[in-house]
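Our numbering applies: residue 1 is where the sequence shown begins, and numbers increase by one.
Don't read these hints as lab results, they were simulated from the structure. Bear in mind that the values here come from a model prediction, so they are computed numbers and not experimental data. For each residue, glycine too, the CB sits at the ideal point set by N, CA and C. Certain hints may be false.
Claimed, not checked - Calculated lysine to any residue pairs in the SDA-like style (CA-CA distance at most 25 Å, straight line):
#1 Lys256 with Pro199
#2 Lys291 with Asp278
#3 Lys444 with Asp418
#4 Lys72 with Val104
#5 Lys238 with Lys291
#6 Lys96 with Asp278
#7 Lys422 with Glu389
#8 Lys105 with Ala21
#9 Lys307 with Ala21
#10 Lys297 with Met253
#11 Lys26 with Pro106
#12 Lys26 with Leu103
#13 Lys238 with Asp228
#14 Lys148 with Ala336
#15 Lys341 with Gln428
#16 Lys413 with Arg363
To be verified - Now the in silico label distances, taken between C-beta atoms and shown as ranges:
#17 His287 with Leu450: 45 to 51 Å
#18 Arg384 with Asp228: 54 to 60 Å
#19 Gln151 with Gln414: 24 to 30 Å
#20 Ala272 with Pro387: 51 to 57 Å
#21 Glu300 with Phe222: 28 to 34 Å
#22 Glu207 with Pro388: 16 to 22 Å
#23 His287 with Thr423: 49 to 55 Å
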Amino acid sequence: MSKDAVVLVVDDEREHADGIAEALQKSCAKAIAIYTGQDALEIIRSQNIDVVVTDLKLGGQIDGLDILREAKKSGQTEVILITAYATIDTCKDAIKQGAYDYLVKPINIDQLRSLVEQAARQVTRVSSSARRGSAADAEFRFDGVRGKSPQMAGIFEVLRRVAPTNISVLIQGQSGTGKELLAKAIHDNSNRWNKSFRPINCAGFTETLLESELFGHTRGAFTGAAADRKGLFEIADKGTLFLDEIGDMPLNMQAKLLRVIEDGVVIPVGGARPIIVDVRIISATNHDLTKLVEEKKFREDLFFRIKGVSITVPALRERPEDIPLLADFFLKEAVAETGSKVAGFTDAVMNILVAYEWPGNIRQLRNTIRTMVVMADHDKLDIRDLPPEIHRVHRLPGAATAKSNLSLDAMEKQAIIDALAKTANNRQAAAKLLGIGERTLYRKIREYNL
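Start from the sequences and build out the full structure, keeping to the hints where you can.
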């Protein structure tokens, strides 16, 4: 912890406040113990406090949330809440209001000390950023994550808030929506950015193999275990573990995972020696976990453990305004990978890309653009480069229901009509606008009786 950090400890139980302050005193400039919410507010207003550690319930009219709101007015004070299990939901809401993190009683003092140290570093980083005159938002890196829609703007804001904390994150959304990209963005912008990020697909292993992958095994633990092997929890120590498709994890395995998350200790399969680990958990699923909990197919206690903050990623069809941005990004990516000379899209093909429903979401769009780039022999991708599965468009933005399920031919005909109208029936200019040859345009005009 920074020796310059000033920490304020707020608890209406004097012994608890004094004990925490004493435990933190050795690793910071000053640790102040306060026993009432009112006194805490006055100190926050009159002194420069780096980190506040406060109990959620303070036995008076002022509670931990009031302390949080006052502390965040400075813009450079981090707040850690301490709570009983019954008030965890309130703390999750507090994270969205700007709290750094929360701990559940009974607290582990080493864990608290580590958390305060990370919060103090965050204060230092934000202060340095302000001195450089750069906004904190500009520091957040969304590598591979693109979007300007209101839905994605909201997700990015949540990511900015939760990334510097250690709180668990649950990302929900259909397959192909970019859940792992979001998880990696959280890791890259956390205090663990220089440590390991380890993803694992929980649906891709049997229960025995999944246990071995996560916790490791000793030699001879099972048939084929020829040597000791570290598990991902141990490999990702001090880093982040991304549990993809956690909704498909067997119930027995869920119980073992819960115990490791709660205790911070793993025991390899076939082993007896406990290994202490410090891993941040980010989970993802395309299932409705609430429904699985109701059906007794997913443990409720594990659900609440992994659902510190929940993010729902919209399907690509729900944010069509992001498709041109994503398509352009994937085009540049494919061009760099293949050395192609393709430089963009015609308006006609972009209209089709935006109108298509993309059942495979971002993954399908990326693969489609890559295929089109590989197969194209001209400088702009156009309608003829589309793969066969996108030869029917199921939804047109702003179109009436009766006009849905239009064929590619109907889209192509309309694109030609629009191009001719834009160019005052100049067929040479229209062909250039569409990204096709003049002879092809003439043939299409005859074909569609235009």
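The hints, checked one at a time:
{"no.": "1", "hint": "Lys256 with Pro199", "result": "18 Å, holds"}
{"no.": "2", "hint": "Lys291 with Asp278", "result": "30 Å, violated"}
{"no.": "3", "hint": "Lys444 with Asp418", "result": "14 Å, holds"}
{"no.": "4", "hint": "Lys72 with Val104", "result": "22 Å, holds"}
{"no.": "5", "hint": "Lys238 with Lys291", "result": "33 Å, violated"}
{"no.": "6", "hint": "Lys96 with Asp278", "result": "24 Å, holds"}
{"no.": "7", "hint": "Lys422 with Glu389", "result": "29 Å, violated"}
{"no.": "8", "hint": "Lys105 with Ala21", "result": "16 Å, holds"}
{"no.": "9", "hint": "Lys307 with Ala21", "result": "30 Å, violated"}
{"no.": "10", "hint": "Lys297 with Met253", "result": "12 Å, holds"}
{"no.": "11", "hint": "Lys26 with Pro106", "result": "22 Å, holds"}
{"no.": "12", "hint": "Lys26 with Leu103", "result": "21 Å, holds"}
{"no.": "13", "hint": "Lys238 with Asp228", "result": "21 Å, holds"}
{"no.": "14", "hint": "Lys148 with Ala336", "result": "24 Å, holds"}
{"no.": "15", "hint": "Lys341 with Gln428", "result": "23 Å, holds"}
{"no.": "16", "hint": "Lys413 with Arg363", "result": "29 Å, violated"}
{"no.": "17", "hint": "His287 with Leu450: 45 to 51 Å", "result": "49 Å, holds"}
{"no.": "18", "hint": "Arg384 with Asp228: 54 to 60 Å", "result": "57 Å, holds"}
{"no.": "19", "hint": "Gln151 with Gln414: 24 to 30 Å", "result": "28 Å, holds"}
{"no.": "20", "hint": "Ala272 with Pro387: 51 to 57 Å", "result": "55 Å, holds"}
{"no.": "21", "hint": "Glu300 with Phe222: 28 to 34 Å", "result": "30 Å, holds"}
{"no.": "22", "hint": "Glu207 with Pro388: 16 to 22 Å", "result": "40 Å, violated"}
{"no.": "23", "hint": "His287 with Thr423: 49 to 55 Å", "result": "50 Å, holds"}
Of the numbered hints stated above, those contradicted by the structure are hints 2, 5, 7, 9, 16, 22, listed in ascending order.
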